[in-house]
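Just so you know, the sequences run in chain order F and S. All residue numbers for the first sequence refer to this note's numbering, where the first residue is 1 and numbers rise by one. All residue numbers for the second sequence refer to this note's numbering, where the first residue is 1001 and numbers rise by one.
Read the hints as simulated data drawn from the structure, not as lab findings. Among the clues, some could well be false.
Straight line, CA to CA, 27 Å or less: simulated DSSO-like cross-link-like pairs of lysine-lysine [claimed, not checked]:
#, chain 1, residue 1, chain 2, residue 2
1, S, K1057, S, K1014
2, S, K1071, S, K1057
3, F, K3, S, K1057
4, S, K1071, S, K1011
5, F, K38, F, K16
6, F, K114, F, K3
7, F, K104, F, K3
8, F, K70, F, K3
9, S, K1071, F, K104
10, S, K1057, S, K1011
11, F, K38, S, K1057
12, S, K1011, F, K38
13, F, K70, F, K104
14, F, K114, F, K38
15, S, K1057, F, K104
Which residues of chain F face chain S? A partial, calculated answer using Cβ under 7 Å [unchecked claim]:
#, residue
16, F35
17, E44
18, F91
19, T102
20, G108
21, T109
Glycine residues also receive a C-beta, built at the ideal position from the N, C-alpha and C atoms.
Residues per chain, in single letters:
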Amino acid sequence: AQKVTQAQTEISVVEKEDVTLDCVYETRDTTYYLFWYKQPPSGELVFLIRRNSFDEQNEISGRYSWNFQKSTSSFNFTITASQVVDSAVYFCALSDFTTSGTYKYIFGTGTRLKVLA
Amino acid sequence: DTGVSQDPRHKITKRGQNVTFRCDPISEHNRLYWYRQTLGQGPEFLTYFQNEAQLEKSRLLSDRFSAERPKGSFSTLEIQRTEQGDSAMYLCASSLDSREGHLFFGPGTRLTVL
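Chain F on its own, in the form it takes in the complex (with noise of 0.2 Å):
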């Protein structure tokens, strides 16, 4: 069955710390989406990154950078020198396809970080 496992359900860190969320998936398809939104305080889930199954570069992005391993099913979010405003609720996601062969996005229970001035 198709899944998003976010173990990890609350980090806190001190401000400038790296940071590191985990995200582990289970999916049948050779070809699936991963996704990491945030959603802050305020509530409303931002959209962060897309990441393909047959691109396993990894990406960076200012402070952000993503680490996606097939062999290990996991798509990893690393926040390096973390700021006060990185604190959220990051969640992962996938696009998956459904048994009437259309796709939906299943998300992970996500990991709440509060970075700590």
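With chain F's structure known, arrange chain S on it following the hints.
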């Protein structure tokens, strides 16, 4: 581009009452999704539309829930005979019709059933 909007933002109702929420997606997006999010959990899929066709419904969606998207534009989610367990944030999202398209979320409607 005004983003995805939802109305109302908050709804308090008594058990047994019916409630209806509205979602206006980004205008060029033909896919529209409804999710439910409870405290400490990720968004749970409820249903989605491609244009006006409802293509998938979660087993979470009991007979008391119904969604429509007339003319493939805005969508409504109705909950009949609300129960306290229906209390949650109801999120609407839209996307382009491609698997790689990511979801654009609205601000959500927070439902409290007393």
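Cross-check of the supplied hints:
no., hint, result
1, S/K1057 x S/K1014, "26 Å, holds"
2, S/K1071 x S/K1057, "19 Å, holds"
3, F/K3 x S/K1057, "17 Å, holds"
4, S/K1071 x S/K1011, "26 Å, holds"
5, F/K38 x F/K16, "19 Å, holds"
6, F/K114 x F/K3, "25 Å, holds"
7, F/K104 x F/K3, "12 Å, holds"
8, F/K70 x F/K3, "15 Å, holds"
9, S/K1071 x F/K104, "22 Å, holds"
10, S/K1057 x S/K1011, "23 Å, holds"
11, F/K38 x S/K1057, "25 Å, holds"
12, S/K1011 x F/K38, "24 Å, holds"
13, F/K70 x F/K104, "20 Å, holds"
14, F/K114 x F/K38, "13 Å, holds"
15, S/K1057 x F/K104, "10 Å, holds"
16, F35, "6 Å, holds"
17, E44, "5 Å, holds"
18, F91, "5 Å, holds"
19, T102, "5 Å, holds"
20, G108, "5 Å, holds"
21, T109, "5 Å, holds"
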